[in-house]
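Following the hints, put chain B in place on chain A, whose structure we already have.
For reference, the chains in residue letters:
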Amino acid sequence: MNTTRYGRPLAAGLAYLLLLAVIALYLLPLGMTILYSFKTNQEMLTGSALSLPARIQFDNFVSAVRKVDYLRSVTNSLIITVSTVALALFLSGLAGYGITRGQGRQFSALYLFFILGLLIPYQAIFVPTYLIGSRYGMINSRLGVVLFSVAGQLPFCVFFMAGFVKTIPQEIEQAAVIDGCGMFKTFILIVLPLLKPALVALSVMRSLSVWNDYLLPKLFLQRKSLQTLTVAIANMFGQYRYNLNVAFSAIIISAIPILVFYLANQRNIEKGIVSGAVKG
Amino acid sequence: MPASQSRLEYKKNRMYLYLILPSLALYLFGVILPIVMGFRISLTDWNGFTPTMNFIGLDNYRAIFSEGRLLNSFVFTLSFVAGNTVIQNAAALGFALLISNEIRGRNFIKTVIFVPCLLSPILIGFLWAKLLGTVYPQMLGERFSFISLLSDPKTVLAGLLLINNWQWVGYWMLIYLAALQAVPEELYESARIEGARFWYTLRRITIPMIMQAITICVVSITIGGFQVYELIITATGGGPGFASESIIMYIYNLAFSSEKAAFASANSMAFVLFLAAVSMVQIAILRKKEVES
Numbered sequence: 027m028n029t030t031r032y033g034r035p036l037a038a039g040l041a042y043l044l045l046l047a048v049i050a051l052y053l054l055p056l057g058m059t060i061l062y063s064f065k066t067n068q069e070m071l072t073g074s075a076l077s078l079p080a081r082i083q084f085d086n087f088v089s090a091v092r093k094v095d096y097l098r099s100v101t102n103s104l105i106i107t108v109s110t111v112a113l114a115l116f117l118s119g120l121a122g123y124g125i126t127r128g129q130g131r132q133f134s135a136l137y138l139f140f141i142l143g144l145l146i147p148y149q150a151i152f153v154p155t156y157l158i159g160s161r162y163g164m165i166n167s168r169l170g171v172v173l174f175s176v177a178g179q180l181p182f183c184v185f186f187m188a189g190f191v192k193t194i195p196q197e198i199e200q201a202a203v204i205d206g207c208g209m210f211k212t213f214i215l216i217v218l219p220l221l222k223p224a225l226v227a228l229s230v231m232r233s234l235s236v237w238n239d240y241l242l243p244k245l246f247l248q249r250k251s252l253q254t255l256t257v258a259i260a261n262m263f264g265q266y267r268y269n270l271n272v273a274f275s276a277i278i279i280s281a282i283p284i285l286v287f288y289l290a291n292q293r294n295i296e297k298g299i300v301s302g303a304v305k306g
Numbered sequence: 016m017p018a019s020q021s022r023l024e025y026k027k028n029r030m031y032l033y034l035i036l037p038s039l040a041l042y043l044f045g046v047i048l049p050i051v052m053g054f055r056i057s058l059t060d061w062n063g064f065t066p067t068m069n070f071i072g073l074d075n076y077r078a079i080f081s082e083g084r085l086l087n088s089f090v091f092t093l094s095f096v097a098g099n100t101v102i103q104n105a106a107a108l109g110f111a112l113l114i115s116n117e118i119r120g121r122n123f124i125k126t127v128i129f130v131p132c133l134l135s136p137i138l139i140g141f142l143w144a145k146l147l148g149t150v151y152p153q154m155l156g157e158r159f160s161f162i163s164l165l166s167d168p169k170t171v172l173a174g175l176l177l178i179n180n181w182q183w184v185g186y187w188m189l190i191y192l193a194a195l196q197a198v199p200e201e202l203y204e205s206a207r208i209e210g211a212r213f214w215y216t217l218r219r220i221t222i223p224m225i226m227q228a229i230t231i232c233v234v235s236i237t238i239g240g241f242q243v244y245e246l247i248i249t250a251t252g253g254g255p256g257f258a259s260e261s262i263i264m265y266i267y268n269l270a271f272s273s274e275k276a277a278f279a280s281a282n283s284m285a286f287v288l289f290l291a292a293v294s295m296v297q298i299a300i301l302r303k304k305e306v307e308s
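In order, the protein sequences belong to chains A and B.
Residue numbering for the first sequence follows the numbering used here, starting at 27 and increasing by one per position.
Residue numbering for the second sequence follows the numbering used here, starting at 16 and increasing by one per position.
So here's chain A without its partners, still in its complex pose:
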């Protein structure tokens, strides 16, 4: 990668300065968040913004954990995220394969039908979604949230998987069929392993959006014991007025699961983002 695409050293210097400013813009909020999360209520009232706390104490974090019912809300988020992504992958994998391999106009019509869903933001249909949910007793049911979540994910997932299946040459499957494999066996033994990179990229990206989802869990899961982390923390922010130190520590503990997930999957996340865009 060549280093002097811009040619002039002056431009390079300016670029460095800009980058420095950008780093400050990003690291300053982080720094302040961490700083405040360790201040005691006393220090909040008496000290200035930049004053360091007397000692490191985790009272604020304990408060925050209790306020958002951390263990329970994280568990709820986890259950919903894992179930949604697993089901979405399974359904869209099969559908993507069927749509791509099927011959005939009905299959391209079905593909188009799914793609149309990409234009519809689910926030625009949340009123009828809530109605349907309550009519069929899906309110306060994590299963209900999962089903509607998966439905909303299907357009993109089917689009993504179909695009990927198209890149798999059919000769391999045909060879397997000649060797005597039924369609099911072919799918499991040959196609599935080839689909793995797509499944991994897709699962990682969808996990992020399902975990952070607010509207659907908020509408459906009204009982406090069922709330996801995102909803719980939004509720806490709604009530909390001025104790920034606890609020900031709540931000930190909410960010931890995602950050852990990111560190474990960094490569796949980046690959997923890029490939998801290129397919368009």
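Hints were generated in silico from the structure; no laboratory data involved.
A hint or two may mislead.
[To be verified] Once the Cα atoms are required to be at most 16 Å apart in a straight line, the calculated EDC-like pairs of lysine to aspartate or glutamate come out as:
no.	chain 1	residue 1	chain 2	residue 2
1	B	Lys125	A	Glu296
2	A	Lys250	A	Asp95
3	B	Lys27	A	Glu199
4	A	Lys211	A	Glu199
What follows is chain B alone, placed relative to chain A:
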């Protein structure tokens, strides 16, 4: 073709159909059915709570254009989208160009700029509301109180644009980075040999070569901008007053606070159609540019 072969194909097609069926069923139930229902509701005067529902035809749709608060949220959302699309694309591309050079700490910078997009807008909105409203003013003193962008109706848009871009620039930067890397070195080489300067190279070589990425980013950022909601909930709650009420927030409040479910549905339908139209126009324009380069 012998009859048995086309029958085999027919059987295979049937099996492929079976694979698609579960997804189709769930999609119909979870997406299509709500749309249809939403449309039916939008033709009534239902308020969302009492069982009375009377058919009133297109009255709701006619009312949309005379409703003040809708106009307000529409103007706000439109301004937000305009600013957001321009800023986010320019900044993402700019950062990508900067970082595509080999600078020390390149990966660190990339990560730092990227990570905010992983967090929920709920967290980010709240964080920045407090930073701009409380922490920074305290830090900087009286003279810099203007930094509290979110409490003044005139600057709340700027404040929200700042926050939203802070969160998302890293995401699109990754895409532009990948697109930039795909541009063949030789093009830059020959341009430099012929004495091309920075802006010229940018305009004539870089941008045409990454047109596909630009299309995707511009369209996605626009659609995302129109759907802004969660960020605003915790950043300003739609305020001050209704100065920062986005379309989705307006519709939500209609349905649940103002008890006007049918009207909310009509607005939703109109909004979906509007979004679809905007997307298609954008794609058409940008695709043409793609082909030209």
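A quick look at each hint next to the structure:
1. Distance hint between Lys125(B) and Glu296(A) is fulfilled; the C-alpha atoms sit about 11 Å from each other, no more than 16 Å.
2. Of the supplied pair hints, the one linking Lys250(A) and Asp95(A) holds, its CA atoms being roughly 9 Å apart against a limit of 16 Å.
3. Restraint check for Lys27(B) and Glu199(A): the C-alpha separation of about 13 Å stays at or below 16 Å, so the hint holds.
4. For a cut-off of 16 Å, the pair hint linking Lys211(A) to Glu199(A) stands: about 10 Å separates their Cα positions.
Against the hints set out earlier in the document, no violation occurs for any number.
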